[in-house]
Amino acid sequence: GAVVSQHPSRVICKSGTSVKIECRSLDFQATTMFWYRQFPKQSLMLMATSNEGSKATYEQGVEKDKFLINHASLTLSTLTVTSAHPEDSSFYICSASSPLAGGPGNEQFFGPGTRLTVL
Amino acid sequence: AQKITQTQPGMFVQEKEAVTLDCTYDTSDQSYGLFWYKQPSSGEMIFLIYQGSYDEQNATEGRYSLNFQKARKSANLVISASQLGDSAMYFCAMREVSGSARQLTFGSGTQLTVLP
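In order, the protein sequence lines correspond to chains A and B. The first sequence maps to residues 1 to 119 in this note's numbering. The second sequence maps to residues 120 to 235 in this note's numbering.
Some hints here could point you the wrong way.
[What the hints assert, rightly or not] Some, not all, of what chain A presents toward chain B, calculated at C-beta under 8 Å: (1) F91; (2) F110; (3) G113.
[Said to hold, decoys possible] Taking lysine to any residue pairs in the SDA-like style, the calculated list, with each CA pair at most 20 Å apart, reads: (4) A/K41 <-> B/V233; (5) A/K64 <-> A/L76; (6) A/K41 <-> B/Q127; (7) B/K122 <-> A/S43; (8) A/K66 <-> A/T82; (9) B/K122 <-> A/E59; (10) A/K41 <-> B/E163; (11) A/K41 <-> B/D205; (12) A/K64 <-> B/Q222; (13) A/K41 <-> B/I165; (14) B/K122 <-> A/R115; (15) A/K41 <-> B/G181; (16) A/K64 <-> A/S15; (17) A/K41 <-> B/S184; (18) A/K41 <-> B/A207.
[Stated by the list, open to error] Restraint-style ranges between C-beta atoms, simulated for each label pair: (19) A/E87 <-> B/T232: 23 to 33 Å; (20) A/Q29 <-> B/S147: 25 to 35 Å; (21) B/T179 <-> A/S15: 30 to 40 Å; (22) B/Q176 <-> A/R10: 35 to 45 Å.
Just so you know, these hints were derived from the structure itself, not from any lab. As the structure is a computational prediction, the values presented were derived from the model and not from experiment. C-beta atoms are modelled at their ideal positions from N, C-alpha and C, and glycine is treated no differently.
One chain only, chain A, in its complex shape (with noise of 0.2 Å):
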């Protein structure tokens, strides 16, 4: 099956800096990639959506300024959490998709999350 990754998978940093993650899709080229975030024991709720050259659409209530995404091929999408703060810590989670990758429904490919931890 398609197979997404996500670098790093843990990260724990100081109030003020920026973190970047890193969301590649390793077998196939995804057309879209969407970016999640995940409180504990809360839903995913979907912040993004990039498609490959162009500027990603983001949902509302999330603020572009403060979460850069940029995908800038088809295999590699990178979300930038800028001048984090404590309420930013969270499971953050990516998925790729394509027409042309999985059968009917499983058409949204997971990395396995990064989990922030901003102190």
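Got chain A; can you put chain B on it based on the hints?
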């Protein structure tokens, strides 16, 4: 109104028994897809099963089956012969044609605990 509703925050089942996790949805689209994912404590999202709105047969994948009742807008997940490894968070999700391509909306999840 919520698009995906999971009314069971937590469920317990005895090992080897069957369990049903509830999911109702709300959409005005005629064409849509319904998904179930499993999320163990490690955090990874594992795709379990998919049901298309036009599929006449209920989807099945091994021990997983989806009880699709279109008129009631419900898509319950049935896990047969529960195993200890089934203990995890389970999310129901929907993809609407009118939304962004392949964008999923998730329910609040059900924490399933399988008891030995």
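Outcome of the hint check:
no.: 1; hint: F91; verdict: holds (6 Å)
no.: 2; hint: F110; verdict: holds (4 Å)
no.: 3; hint: G113; verdict: holds (4 Å)
no.: 4; hint: A/K41 <-> B/V233; verdict: holds (18 Å)
no.: 5; hint: A/K64 <-> A/L76; verdict: holds (19 Å)
no.: 6; hint: A/K41 <-> B/Q127; verdict: holds (13 Å)
no.: 7; hint: B/K122 <-> A/S43; verdict: holds (13 Å)
no.: 8; hint: A/K66 <-> A/T82; verdict: holds (5 Å)
no.: 9; hint: B/K122 <-> A/E59; verdict: holds (16 Å)
no.: 10; hint: A/K41 <-> B/E163; verdict: holds (14 Å)
no.: 11; hint: A/K41 <-> B/D205; verdict: holds (17 Å)
no.: 12; hint: A/K64 <-> B/Q222; verdict: holds (19 Å)
no.: 13; hint: A/K41 <-> B/I165; verdict: holds (17 Å)
no.: 14; hint: B/K122 <-> A/R115; verdict: violated (27 Å)
no.: 15; hint: A/K41 <-> B/G181; verdict: violated (27 Å)
no.: 16; hint: A/K64 <-> A/S15; verdict: holds (19 Å)
no.: 17; hint: A/K41 <-> B/S184; verdict: violated (25 Å)
no.: 18; hint: A/K41 <-> B/A207; verdict: holds (11 Å)
no.: 19; hint: A/E87 <-> B/T232: 23 to 33 Å; verdict: holds (30 Å)
no.: 20; hint: A/Q29 <-> B/S147: 25 to 35 Å; verdict: holds (33 Å)
no.: 21; hint: B/T179 <-> A/S15: 30 to 40 Å; verdict: violated (49 Å)
no.: 22; hint: B/Q176 <-> A/R10: 35 to 45 Å; verdict: holds (42 Å)
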